[in-house]
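Please build the complete structure, drawing on both the sequences and the hints.
Protein chains: 2
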Amino acid sequence: MRTPQVATLEGLPNRVTVYEVGARDGLQNESTVLDVAVKIEFIERLVASGLRAVELTSFVPPSWIPQLADAEALLKGLGELAGRHPVLVPNQRGLDRALEAGVREIAIFASATESFAQRNLNRSRAESLAIFADVAQRAVASGMAVRGYVSMCFGDPWEGDVALGSVADVVEALVAMGCGEVSLGDTIGVATPGQVVALLDELARRGIGPERLAVHFHDTYGQALANTLCALQQGVTTVDASAGGLGGCPYAGSATGNLATEDLVWHLQGLGIETGVDLEALCRTSLWMAGQLGRPSPSRTVSALAASLEGPVAEA
Amino acid sequence: MRTPQVATLEGLPNRVTVYEVGARDGLQNESTVLDVAVKIEFIERLVASGLRAVELTSFVPPSWIPQLADAEALLKGLGELAGRHPVLVPNQRGLDRALEAGVREIAIFASATESFAQRNLNRSRAESLAIFADVAQRAVASGMAVRGYVSMCFGDPWEGDVALGSVADVVEALVAMGCGEVSLGDTIGVATPGQVVALLDELARRGIGPERLAVHFHDTYGQALANTLCALQQGVTTVDASAGGLGGCPYAGSATGNLATEDLVWHLQGLGIETGVDLEALCRTSLWMAGQLGRPSPSRTVSALAASLEGPVAEA
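Chains as they are written, first to last, in the working numbering: chain A, 1 to 316; chain B, 1001 to 1316.
Think of the hints as simulated: they come from the structure by calculation, not from any bench.
Quick caveat, the model's predicted, so the values are computed rather than measured.
Be aware that a few hints might be false.
To be verified - Some chain B residues close to chain A (C-beta under 7 Å, calculated; not the full set):
id : residue
1  : Thr-1017
2  : Pro-1193
3  : Gly-1222
4  : Trp-1288
Beta carbons: idealized from backbone N, C-alpha and C, even for Gly.
Now the structure itself:
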């Protein structure tokens, strides 16, 4: 399999943590509902490929997201995994389930905008933050780590442009309630690099440096990797991505796919930045998952390397 | 139609020339052979959308590239167009045809590697450069502008890694033979930003600054826009792209698509960089062309905006 030629660039980190969201953010946006055994194999293969931060599933009510209704069975079926493996939790009930399942890190999901808070969480932004604060404090008191997501940081489908200060307020609130890491999400994939740098600058002014932050770009407009590079140039070292670009419907107006992990890893390896990821094993996993879903992977790197991997994949 | 939120970034140019290659580099790599009237409408719509550097076709022998065998008819059928509209010329016979057709700018296509020179041009690199030198000198003497392409600047399918000095030698040779602009091509889409910066640095050391250069990235591994951003940070102001990502076969191992012009324009508009391009008109053109080719556009931006443009497109 071809690998990228290495040429480093000044001003970039030596090591980046790839935070893998395919099993949760990816699969919850796929129309196919997979068997729990397939998900278990997927996650175990992701970890075996060297990913050390893999979000597993979500403790939302099963009626909200049928794709992830098997969270308990999934956790029970997984063997011991190296690294971090957070589970999304939307409320106290979700936290109960997480505690019962022995989860050590949860993720909570806040909105930068009023419109998305209302539509996604059925509450005002302030109300949902109050709920998250209670969840986060209880989680921290129980010895869990908490990751915060902020969605719609760079644009919103209903409000259009999103004010920087309003995003920064939500990030500050999440840090204050105990989130050790906050992931800045471009949920609809519209951001360009000037917005990314402006938000990171504003957060730095408020005392929230890049070591507390992750970036989470969607590739809806093809901007995800360029935005990621700019975030790395600003000192961010945790990048969210989805194996095989899971969750994206590449040929639909509603395309909302995450940055594909393989495209990110190709980029980082080319820049000589350590990730610990075995790109070939990861591509094989995504090709296998594409077979499970019955459609090709939207990752350009997976697509480009598929031919050279096809034989061995068929045998796997 | 949604447009990008504008946030500028220091160290980038105020204006970028988008050099549109869809009608030549794009269509020559599509399996469908279009009617000349369709190509004429395509080019006229590209120019009407504000693109001011549009490569039209190629004067290669018709047997080499049947998709572009109608070069004379195409040029005859086109009305007066604003801006630059070069035509690719591989040899003296091609130049004869270009002169006869009243072309004012040609493009010549050299290889950075020996393997690709042999396979694409059937000659050694040195032999092909000697032929190009005669073509370029005669073109310049006839009052034509000459653009040089260098393919395989960052990787080659047969040789793997490509030596920087070897690429720079070819660029120097093209400048010496009269090329006013040289486009650095990542023909197989494998480059990452460190390679881009290293090549631009090496060329600057040899006295060839970014004002003489263009970049030409393929999105095979999803790296094209991030590489483009790095080139802009180094002072390059001319970027090659292909409307709708024409020429790419997104779901094949051989995916070799150019950077999609719409993804580039979204990026540049978001950064507040002037291009003169009307993104909506351009997207409508690419949606129309996708219909002509009978398959969706691989441009992520076209795909994302398609739903909001569909009604009017159907009426157009």
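Hint by hint, here is what the structure shows:
no., hint, result
1, Thr-1017, "violated, 19 Å"
2, Pro-1193, "holds, 6 Å"
3, Gly-1222, "holds, 4 Å"
4, Trp-1288, "violated, 16 Å"
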